[in-house]
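A.B. asks: Respectively, the protein sequence lines represent chains B, S and G. In terms of the working numbering, the first sequence has 200 at position 218, counting the first letter as 1, and numbering is strictly consecutive. With the second sequence counted from 1, adding 47 to any position gets you the working numbering. With the third sequence counted from 1, adding 51 to any position gets you the working numbering.
In short, the hints are calculated from the structure, not lab data. Check before you lean on any hint, since a few could be wrong.
As a list, the in silico DSS-like pairs of lysine-lysine whose alpha-carbon atoms are at most 25 Å apart [claimed, not checked]:
#: 1; chain 1: B; residue 1: Lys27; chain 2: S; residue 2: Lys82
#: 2; chain 1: B; residue 1: Lys304; chain 2: B; residue 2: Lys236
#: 3; chain 1: B; residue 1: Lys236; chain 2: B; residue 2: Lys184
#: 4; chain 1: B; residue 1: Lys180; chain 2: B; residue 2: Lys148
#: 5; chain 1: B; residue 1: Lys85; chain 2: S; residue 2: Lys82
#: 6; chain 1: B; residue 1: Lys289; chain 2: B; residue 2: Lys53
#: 7; chain 1: S; residue 1: Lys202; chain 2: B; residue 2: Lys107
#: 8; chain 1: B; residue 1: Lys181; chain 2: B; residue 2: Lys148
#: 9; chain 1: S; residue 1: Lys135; chain 2: B; residue 2: Lys107
#: 10; chain 1: B; residue 1: Lys237; chain 2: B; residue 2: Lys304
#: 11; chain 1: B; residue 1: Lys232; chain 2: B; residue 2: Lys303
#: 12; chain 1: B; residue 1: Lys180; chain 2: B; residue 2: Lys151
Just a sample of chain B residues kept apart from chain S, beta carbon distances all over 10 Å, derived [stated by the list, open to error]:
#: 13; residue: Lys27
#: 14; residue: Asp68
#: 15; residue: Thr74
#: 16; residue: Gly162
#: 17; residue: Ile179
#: 18; residue: Gly292
#: 19; residue: Asp295
Just so we're clear, the structure is a prediction, and the values are computed from it rather than from any experiment. Where a beta carbon is used, it is the ideal one built from N, C-alpha and C, also for glycine.
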Amino acid sequence: MRHPQGGERRPWRFGLLTALAVLVVMAVVVSVAAAKPTARGATVKVGLITKDATNPFFVKMHAGANAAASKAGAELIYAAGKSSSDNAGQITAIENMVTAGVKGILITVADAKAENAAIAQARAKGVLVIALDSPTSPTTAVDALFATNNFNAGVFIGKYARAATKGRKVTIAMLDEHAGSSVGALRHNGFLKGFGIKKNDKQIACVANGGGQQTQSQPAMENCLQKNPNINVLYTINEPSAAGAWTALKNAGKKPNGVTIVSVDGGCAGVRNVRAGIIDATSQQYPLRMASLGVAAVVKFANGGAKASGYTDTGLNLIAKKPLKGVPSKSVKYGLANCWG
Amino acid sequence: MGPTGTLQLVRRVITAPTVGPFIALVVTMAFFSLKTDRFFQAENFSLVLQQVMIVGVLAIGQTLVILTAGIDLSVGTVMALGQVIMTKLAVANGVPALPALLLGILVCVGFGVLHGGLVTGVRLPPFIITLGTLNIAFALTHIISNDLTFTGLPKLELFWGRTFNISGTDFTYGVVLMLVLYALAWYGLNQTAWGRHVYATGDNREAARLTGINTDRVLLSVYTLAGLSYGIAAWLLIGRTQVGDPNAGQTTENLDSITAVVLGGTSLFGGRGTIIGTLIGALIVGVFRNGLTLIGVSVIYQYLVTGILVILAVSVDQFLHRRSG
Amino acid sequence: MNSPEPILEARGLVKKYGQVVALNGADFELYPGEILAIIGDNGAGKSTLIKALSGALQPDEGEISLGGERIHFRSPRDAQRAGIETVYQDLAVAPALDIASNVFLGRETRRRGPLGSLLRLLDKRGMRREARRQFEELGIGVQSIGEAVGNLSGGQRQGVAVARAAAWARRLVIMDEPTAALGVKETGQVLDLIKRVRERGLPVILISHDMPHVFELADRIHIMRLGRRVAVVTPKTHTMPEAVAIMTGATPSELDNALTKERSAE
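With these hints in hand, go ahead and build the complete structure from the sequences.
C.D. replies: Shown next, in the form of C-alpha cells:
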C-alpha cells in the first residue's frame, strides 16, 4: 500500500483557513461595532446592565444613559441578558465590566438574589453599584437604589380599578412576569392593597406569567379567559403585557371596553393606548430619570464625590383618560408630554 | 528519537485536528491584547476561566454524546434541576450538604441513564429524546423549587467558588476541577479502549458492532457520563452564583455547550473530534464575551460573531468530511 | 468420493425480515484449506448468509456447526472468539482512528501491570509493532501505521480491513465483495492477499460479483438464488456463462445440463 499524498496536509491548510477567517470576521465586526470613539485615558467608564435589550423600557433606559454619559464626557459600556431571567449573563457582564475599569455599574437585576454575589465582589473592588428599577433582596446588597416606588405603582392602579368598578361584581385576572422578579412582586402586591383585597381573594380568577412582554402575554390571557370568560378587571405588570392581553380579549370576541385594564410603565406607546381606550390607567415611571441620575451618581463618585446610597424615588404619576373621584391622576396630555420611548 | 522521529512528531502536531481552533483562540487573544491592556492580565484570565467553567464542564458531556453522533438538548435544564435539588434540600428541607449534593448529582446521572436507555433500547433519535427531557427537567425544576431562589447555602455546596492565590492572582477551585475533568476525559478518550470504541460507534454504529464492540454498552456509558458531567456542573454553578436559581440553565447553556463542541472541531456526524478542541471552543466564546466588554463594544455583537464562527466551523468540518469520506 | 469433514456447515437456515424472506432454507459447507466463492444475483441472500455465519445476525431457523460442533453465535464477538473473521462490504473501519487502532478495534491490548489493569492504559506502541509485523507477514507495505484511516484511499482501507481479518483469523476468513470499487492494481494486491491467507492454512469464503476473479481464485463456487443454494460448481467443471446461467435462473434444460455436469464431477 502506498503512502497517501496530500492527505495529512489537509487539516493543516484548513486550520490556517479557519484562523484567517476568524481574524477577518473579528476585524470587520469589531471595527464596525466600535465605530464610536474609544475614549482613552482618564475618561470615566460607566456600566449599564439591563434585564434584556428589547423591552422598550430598557431600550429607553439605555438611550438615556448614553445621552447622559456623552453629556458628562463619560463612556458607557452596555450589556443585557438574553432574556429577562438570564442571571448568568448578568453575572458575567458585571465581572467583565469591573475588569474593564468601570467606576460604577447601573443594573436592573433579573433576580433579586442571584446577582448578589457578583455585585458584592464588584463593590469589594471599589465599584459603585446602583440598582435601577428592580430592588435587590436584601436592599443592602447594592449601594443605592434609584427606582420607581413599584409598590405604590401597584397601589395607584389598584385604587383606580376599584373606583372604576365600584359597586359591580368583579372577576380579576393578573398577568405577572417570572417569579423572583422583585418588581413583579411589588406591583402585584401594591395592586392588591390598592384594590383592597388580600392575596387569595376569591375574586381573583387567574394569576399567570405573561413574561412582561406582548407575545407571551397573549396566550397567557387566552388561558385565563378559558378558565373564566367573565374577567372584567385585568392587572398587567407592564404595557407590552397589556397590549398582548388586549389582543387576546379582542380575538376572544370580548368587548375590551367592558374590561378595566390597568398597567404600569407610562411609555409613550402605552399612554397612546390609554388615549385610545385600550388601557384605562397606567402608573407612569421615568426610566430616563433613573438612567441620568445613575450616570450622574457614578460620575460624581468617580470625581471624588461621595457614593450614592439609599433609595431615591424617581417619580410616579397615575395617567388616566377618565379621572375618578378619590383617585388623583394626571391627564393623558400630561402623560404624553412626559412619556418615554 | 532521531531526526525523523522528531519530524514525525512535529508533523503530527501541525496536522492535529485541534490546530484550527487553537490558532483561532490564539488569534482572538492576540487581537484583544492589542486593543486593550486590560485583557492580557492574570486576573482577567482567571475571570475568563471562571466564566467558561460551567459551559466548559457541560460541554464535556456534550462532546461525548456528539462523538457518538448524538446530541443532547437537555444539558442546561438537567443541570438546573440538579442545582435546585441540591440547594432546596439543604436550605428548605434540612438535609446535610453532602447527601443533598449527591442526590442532585444522582438525579442528573439518572437523566443520563434514561437517555442512554432510550437510545439503545427503543432506538429513538437523541434529538427527540433530549427535546423531551429538556422540557421534563424544566418543569421539574420549577415544580420542585416553587420558583424560589435559595440562599444561605452550606459551605460544602459553595466549595468550588472558593479561591486560592498564585502569585497575587485568585483562582477558584472550580476552574481547577474543570481542568482536571478535561484531563480525565482526554485520558479516557485517547488512552483507553473505551475511547476508541466511542469514536468507532460514533462513526458507524453498525460497523462498530460488526467489529465486535458492544455498542449498546458504549452508548449507555457515554450518556451516563454526560449526565454525571451535568451534575458536577450544577455543583460548580452553585459555587459561582452562590444561590439555587430556578431560572438557571434555560437561556444559553444548552446551545453554548453545543457551540463549544462545534467550534472545537468535533463533527456533528460523530466519530471525529477532540475533547481538548471543546475546551478551546468554550474558551473562544468566553474570550470574545470578555474581550468585547473590555473594549466597550456591546455584548450583542458577541452573538453575531459566535454565530458566524459556528457556521464557519461546521462548513470547514463538512469540507473535511466530504474530502476524506 | 473422499471428502474430508467440512469445517463450517449450515443446514436449513431461514431468515425473514417481515414479509421479505432473505434466507429460505439455505445449506452450506466449507472444507478445510479451500477458497469457496458464493455468487448469486442481487437479493439472492449472500450477505444474509454470511452474516448468519459471522454472528452479525441470528437466523430464525436452521443450525450451524463449526468443526463438527453445533454453535450459536449471539454476536459478532462470539464468532470472532470462535476464530471466524469477517470483512464486511462496508469495511467496518473507523476513519478517525489510525491503522493500528483499527486492526485492534474491539480487541485492544493494555499495558502490563497496574497501568493496564487499573488505569486501562492502552499499549499503543505494542499494538503498532504487532500491526506492522502482521502487515509485513502478509506482504502489505505500509509507511505509517499511525496514519488515520480516513486519510487513506478506498483501496488502502480495504487492505486494512482484509489485513485485520487475516491477522486475527484462527479458523476461517469471510470476505464480502473485497474488491468492489477497487482499481486494477489494488484489486491484484487484495487477491494476492487472499491467496496468502489460504497459504496460512485458513479457508476463505468469498462473495464476489467479479466472475473472472471468482474463477481465478475459487476452488468451489456456491451458487445462491432466492435465499437458498441451488448448486455448487467448480471452475474446472463449469464455464463462467454456465455459472451465470445457474445464478440467474436459466431455462430448465440449461439448468439440467449444468447440474448433470455437477453430479458427474463428484
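A.B. asks: Now tell me, hint by hint, if it's right for this structure.
C.D. replies: Against the structure, the hints come out as follows:
1. A C-alpha spacing of about 16 Å is found between Lys27 (chain B) and Lys82 (chain S), which places the hinted pair at or below 25 Å, so the restraint holds.
2. About 21 Å separates the Cα atoms of Lys304 (chain B) and Lys236 (chain B), which keeps this hinted pair within 25 Å; it holds.
3. Distance hint between Lys236 (chain B) and Lys184 (chain B) is fulfilled; the C-alpha atoms sit about 22 Å from each other, no more than 25 Å.
4. The hinted pair formed by Lys180 (chain B) and Lys148 (chain B) meets the criterion: a straight-line CA distance of about 17 Å does not exceed 25 Å.
5. The hinted pair formed by Lys85 (chain B) and Lys82 (chain S) meets the criterion: a straight-line CA distance of about 20 Å does not exceed 25 Å.
6. About 21 Å separates the Cα atoms of Lys289 (chain B) and Lys53 (chain B), which keeps this hinted pair within 25 Å; it holds.
7. Of the supplied pair hints, the one linking Lys202 (chain S) and Lys107 (chain B) holds, its CA atoms being roughly 23 Å apart against a limit of 25 Å.
8. For the hint linking Lys181 (chain B) to Lys148 (chain B), the alpha-carbon distance of about 20 Å falls within 25 Å, and the restraint holds.
9. Restraint check for Lys135 (chain S) and Lys107 (chain B): not satisfied, since their Cα atoms lie roughly 31 Å apart, outside the 25 Å limit.
10. Straight-line distance between C-alpha atoms of Lys237 (chain B) and Lys304 (chain B) comes to about 18 Å, which keeps the hinted pair within the 25 Å bound.
11. As the CA atoms of Lys232 (chain B) and Lys303 (chain B) are separated by approximately 20 Å, the hinted pair is consistent with the 25 Å bound.
12. For the hint linking Lys180 (chain B) to Lys151 (chain B), the alpha-carbon distance of about 16 Å falls within 25 Å, and the restraint holds.
13. With 10 Å as the threshold on Cβ separation, the claim that Lys27 (chain B) sits away from chain S is violated: the shortest Cβ distance comes to roughly 8 Å.
14. Chain S draws Asp68 (chain B) into its interface by the beta-carbon criterion, the shortest separation being 5 Å against a cut-off of 10 Å.
15. At roughly 5 Å from the closest C-beta of chain S, the C-beta of Thr74 (chain B) falls inside 10 Å, breaking its exclusion from the interface.
16. Against the 10 Å criterion, Gly162 (chain B) falls within the reach of chain S, whose nearest CB is about 5 Å from its own CB.
17. Residue-level check passed: Ile179 (chain B) sits 22 Å from the nearest beta carbon of chain S, beyond 10 Å.
18. The non-interface label for Gly292 (chain B) is consistent with chain S: the shortest C-beta to C-beta separation is roughly 23 Å, beyond 10 Å.
19. No Cβ of chain S comes within 10 Å of the Cβ of Asp295 (chain B); the nearest lies about 26 Å off, and the non-interface call holds.
Hints 9, 13, 14, 15, 16 from the list above are not met by this structure, while the remaining hints are.
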